Amino acid sequence: MTAEDLATEKKRLWWHSRRGMLELDVLLLPFLEEVYSDLSEEDQAKYRRLLDCEDPDLFQWFMQNARPQDPDHAYIVDMILQRVQPS
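If you count the sequence shown from 1, position 78 lands on 1198 in the working numbering, and the numbers rise without skipping.
FYI, nobody ran anything at the bench for these hints, they're computed from the structure. Note that the coordinates shown come from a computational prediction; the quantities given were computed from them, not determined experimentally. Check before you lean on any hint, since a few could be wrong.
[To be verified] So the derived label-pair ranges between C-beta atoms look like this: (1) D1125 to D1158: 16 to 24 Å; (2) A1186 to L1126: 28 to 36 Å; (3) D1125 to L1171: 30 to 38 Å; (4) D1163 to R1187: 34 to 42 Å; (5) D1198 to E1124: 18 to 26 Å; (6) R1169 to K1131: 12 to 20 Å; (7) P1176 to A1127: 25 to 33 Å.
No residue lacks a Cβ here, since even glycine has one placed at the ideal position from N, Cα and C.
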């Protein structure tokens, strides 16, 4: 991928990560900006798949009211939540 392709992909992901629900935006956008590029290609693919999920599902998962059935979704949700939870 060229640098231009990477920049275009990052912009596309930014818009897909921006959900319009503040609770999701404050989790997904910083993760994209600060972590995504350091992930393995496999984990990047898992994140992109997570973005295909419906907002109500994402909200329930990130508020820890429900657990994703898909283990890949659960893995990325956990990774994102670990960044914001106090240690």
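Here is how each hint holds up against the structure:
1. D1125 to D1158: 16 to 24 Å: Holds: the Cβ-Cβ distance is about 18 Å, inside 16 to 24 Å.
2. A1186 to L1126: 28 to 36 Å: For L1126 against A1186, whose Cβ atoms are near 34 Å apart, the range 28 to 36 Å holds.
3. D1125 to L1171: 30 to 38 Å: violated, 18 Å
4. D1163 to R1187: 34 to 42 Å: Because 19 Å falls outside the window, the suggested range is violated.
5. D1198 to E1124: 18 to 26 Å: Taking Cβ atoms as reference, D1198 and E1124 lie about 33 Å apart, which means the hint is violated.
6. R1169 to K1131: 12 to 20 Å: Since R1169 and K1131 have Cβ atoms about 19 Å apart, the given range 12 to 20 Å holds.
7. P1176 to A1127: 25 to 33 Å: holds, 31 Å
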